[in-house]
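Trainee: Sequences listed follow chains Z and U, in order. Heads up: the first sequence begins at 6 in my numbering, then just goes up one per residue. Heads up: the second sequence begins at 100 in my numbering, then just goes up one per residue.
Careful: at least some of the hints might be erroneous.
Far from chain Z by the CB rule (all over 10 Å, computed), these chain U residues [to be verified]: (1) Ala119; (2) Asp159; (3) Ala271.
Here are some, though not all, of the chain U residues that point toward chain Z, as calculated from beta-carbon distances under 10 Å [as the list claims (entries may be wrong)]: (4) Met137; (5) Arg141; (6) Ile174; (7) Asn185; (8) Phe187; (9) Lys220; (10) Gly235; (11) Ala236.
Footprint (simulated), chain Z over chain U, 3 or more residues, beta carbon under 8 Å [to be verified]: (12) 147 to 157; (13) 195 to 207; (14) 212 to 219; (15) 251 to 262.
Hints are computed from structural coordinates only; laboratory data are not their basis. Keep in mind that this is a model prediction, so the values were computed, not measured. Where a beta carbon is used, it is the ideal one built from N, C-alpha and C, also for glycine.
The primary structure of each chain is shown beneath.
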Amino acid sequence: MHIVTTNNVVQTATLYEISFPVNFELYRHYKVFYWNINWKGTGSTMQFNLRSTGEYRRETSGNASAGYGYSVRYDDNNNNSYDIATGDAGFSQYGASWSLPGTGYDSDAYVCGILNVWGGASQDYPYADWIYYNDVTTTNYNRFVKGGGYQNVLGQQTSGISFAVHSGSDGFDETIGGKFIVLGTPHNKYGAKMEHRNKNFDEDGKQS
Amino acid sequence: MPNNVKLANDAYILKKSLLAQSGSTIDFDNLFDTTREMYLIRLDNIEVSTTMDIRLQYLDSTGTVLSGSNYNHSIIEHHTGNGQSNKFGNLVTSVHILSSSTDVLAGCSIYVFNPASATKKTKAILEEGVGKAVSGAYYAGYTGGFAYESTTALRGIRITTSTGTINSMNMACFILGTEDLGI
Numbered sequence: 006m007h008i009v010t011t012n013n014v015v016q017t018a019t020l021y022e023i024s025f026p027v028n029f030e031l032y033r034h035y036k037v038f039y040w041n042i043n044w045k046g047t048g049s050t051m052q053f054n055l056r057s058t059g060e061y062r063r064e065t066s067g068n069a070s071a072g073y074g075y076s077v078r079y080d081d082n083n084n085n086s087y088d089i090a091t092g093d094a095g096f097s098q099y100g101a102s103w104s105l106p107g108t109g110y111d112s113d114a115y116v117c118g119i120l121n122v123w124g125g126a127s128q129d130y131p132y133a134d135w136i137y138y139n140d141v142t143t144t145n146y147n148r149f150v151k152g153g154g155y156q157n158v159l160g161q162q163t164s165g166i167s168f169a170v171h172s173g174s175d176g177f178d179e180t181i182g183g184k185f186i187v188l189g190t191p192h193n194k195y196g197a198k199m200e201h202r203n204k205n206f207d208e209d210g211k212q213s
Numbered sequence: 100m101p102n103n104v105k106l107a108n109d110a111y112i113l114k115k116s117l118l119a120q121s122g123s124t125i126d127f128d129n130l131f132d133t134t135r136e137m138y139l140i141r142l143d144n145i146e147v148s149t150t151m152d153i154r155l156q157y158l159d160s161t162g163t164v165l166s167g168s169n170y171n172h173s174i175i176e177h178h179t180g181n182g183q184s185n186k187f188g189n190l191v192t193s194v195h196i197l198s199s200s201t202d203v204l205a206g207c208s209i210y211v212f213n214p215a216s217a218t219k220k221t222k223a224i225l226e227e228g229v230g231k232a233v234s235g236a237y238y239a240g241y242t243g244g245f246a247y248e249s250t251t252a253l254r255g256i257r258i259t260t261s262t263g264t265i266n267s268m269n270m271a272c273f274i275l276g277t278e279d280l281g282i
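With the rest of the complex left out, here is chain Z (with noise of 0.2 Å):
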């Protein structure tokens, strides 16, 4: 796999979605890993989407009229019951997600995880699968998630893939910052990499 591009989110304004420019026609499968990430509300959600267009830090249009199906297993640290979600099943807006508690303003305290999406080019109907390890209180309660989703819809090319807390009063905790490394297995051999630059990013992420 490629090193598409990586990001670390340094801001001093309230943020509530990260997206990444992506390109299906260049790259098959996007895998990211992303750490260090805690949202302030504690009644707040996060969540993965497509987008249909993709910038760095932050962007607010989407995919408004898409719909989604997913379903999540998760497993807590304090018990053996097997914790199933059933999930979504209605296709909503924001299906391509899960919710977890904020974990506040424990500045220890972060989200680790690893998102895959694959088939977001045209023609296509994007999946995906995701894993993620959480505080879900402060007090050594953890939470491990794994699930997987789709898009219903044929066609609608994803540009991006983008990461929000949403139902918040508040966004992600800019404090620990937010750190992704976005990776791509290359439809093309090499010649993709080179074409896929973004023009404030070197071919290492590096911000040039």
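We have chain Z already, so just place chain U on it with the hints.
Mentor: Quick look at chain U alone, frame taken from chain Z:
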């Protein structure tokens, strides 16, 4: 081609690998340092002497094992026979990463975040693992997450067993080729 244009760079760089390690405790030291925040550890070809749980602990910045009650883990074991089991622990002394037995070879891939940090807790994702369940003798897959609930700087791992010994196992530690981003 201009000199300043590089060809596509591959993602993973091998930092350290060891083959055919054995024992009831096996240390892999000097894997982590402050130049990286994310590591991939691959354990493979794990051959065991008896049916056992395989567990993980960390080594601190002096190479000393951390055996206090600071480990949280949530590992899902899903196995043949249409069954599943949670391998969970709340402030326990080690992480249950796999189970295995004499007739299979076990292995797993683990991503470790912030191990060398003295200000953030170390967390890890067991992306995929395979082995054999202790109860029921089912072939099993493993996935989950775990944390060391202290901001201790770490530099290595120890693999231990619930009983018996590991006859042989390979370890490889990878970093990502992002050199200059503080990542």
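Trainee: Take the hints in turn and mark each one as holding or not.
Mentor: Results for each hint:
Non-interface status of Ala119 (chain U) relative to chain Z is upheld: no Cβ of that chain comes within 10 Å, the nearest being about 28 Å off. The claim that Asp159 (chain U) is not at the interface with chain Z holds, since no C-beta of that chain comes within 10 Å of its own (minimum 17 Å). At the 10 Å boundary, the C-beta of Ala271 (chain U) stays outside the reach of chain Z, the nearest C-beta of that chain being 16 Å off. Taking 10 Å as the C-beta cut-off, the interface hint given for Met137 (chain U) holds, the closest approach to chain Z being about 6 Å.
Taking 10 Å as the C-beta cut-off, the interface hint given for Arg141 (chain U) is violated, the closest approach to chain Z being about 15 Å. Residue-level restraint check for Ile174 (chain U) holds (minimum Cβ-Cβ distance to chain Z is 7 Å; threshold 10 Å). Interface hint at Asn185 (chain U): satisfied, since its Cβ lies 5 Å from the closest Cβ of chain Z, which is below the 10 Å cut-off. Look at Phe187 (chain U): its Cβ gets to within about 5 Å of chain Z, closer than 10 Å, so that hint holds up.
For Lys220 (chain U), the shortest C-beta to C-beta distance to chain Z is roughly 5 Å, which falls under 10 Å, so the interface hint holds. Because the closest C-beta pair between Gly235 (chain U) and chain Z is about 16 Å apart, greater than 10 Å, the hint is violated. Because the closest C-beta pair between Ala236 (chain U) and chain Z is about 20 Å apart, greater than 10 Å, the hint is violated. Counting residues of the stretch 147 to 157 of chain U whose beta carbon lies closer than 8 Å to any beta carbon of chain Z gives 0, which falls short of the minimum of three for the stated coverage.
Counting residues of the stretch 195 to 207 of chain U whose beta carbon lies closer than 8 Å to any beta carbon of chain Z gives 0, which falls short of the minimum of three for the stated coverage. Counting residues of the stretch 212 to 219 of chain U whose beta carbon lies closer than 8 Å to any beta carbon of chain Z gives 4, which meets the minimum of three for the stated coverage. Only when three residues or more bring their CB closer than 8 Å to a CB of chain Z does the claim for the stretch 251 to 262 of chain U stand; here the count is 0, and the claim is violated.
In terms of the numbered hints stated before, the structure departs from hints 5, 10, 11, 12, 13 and 15, listed from lowest to highest.
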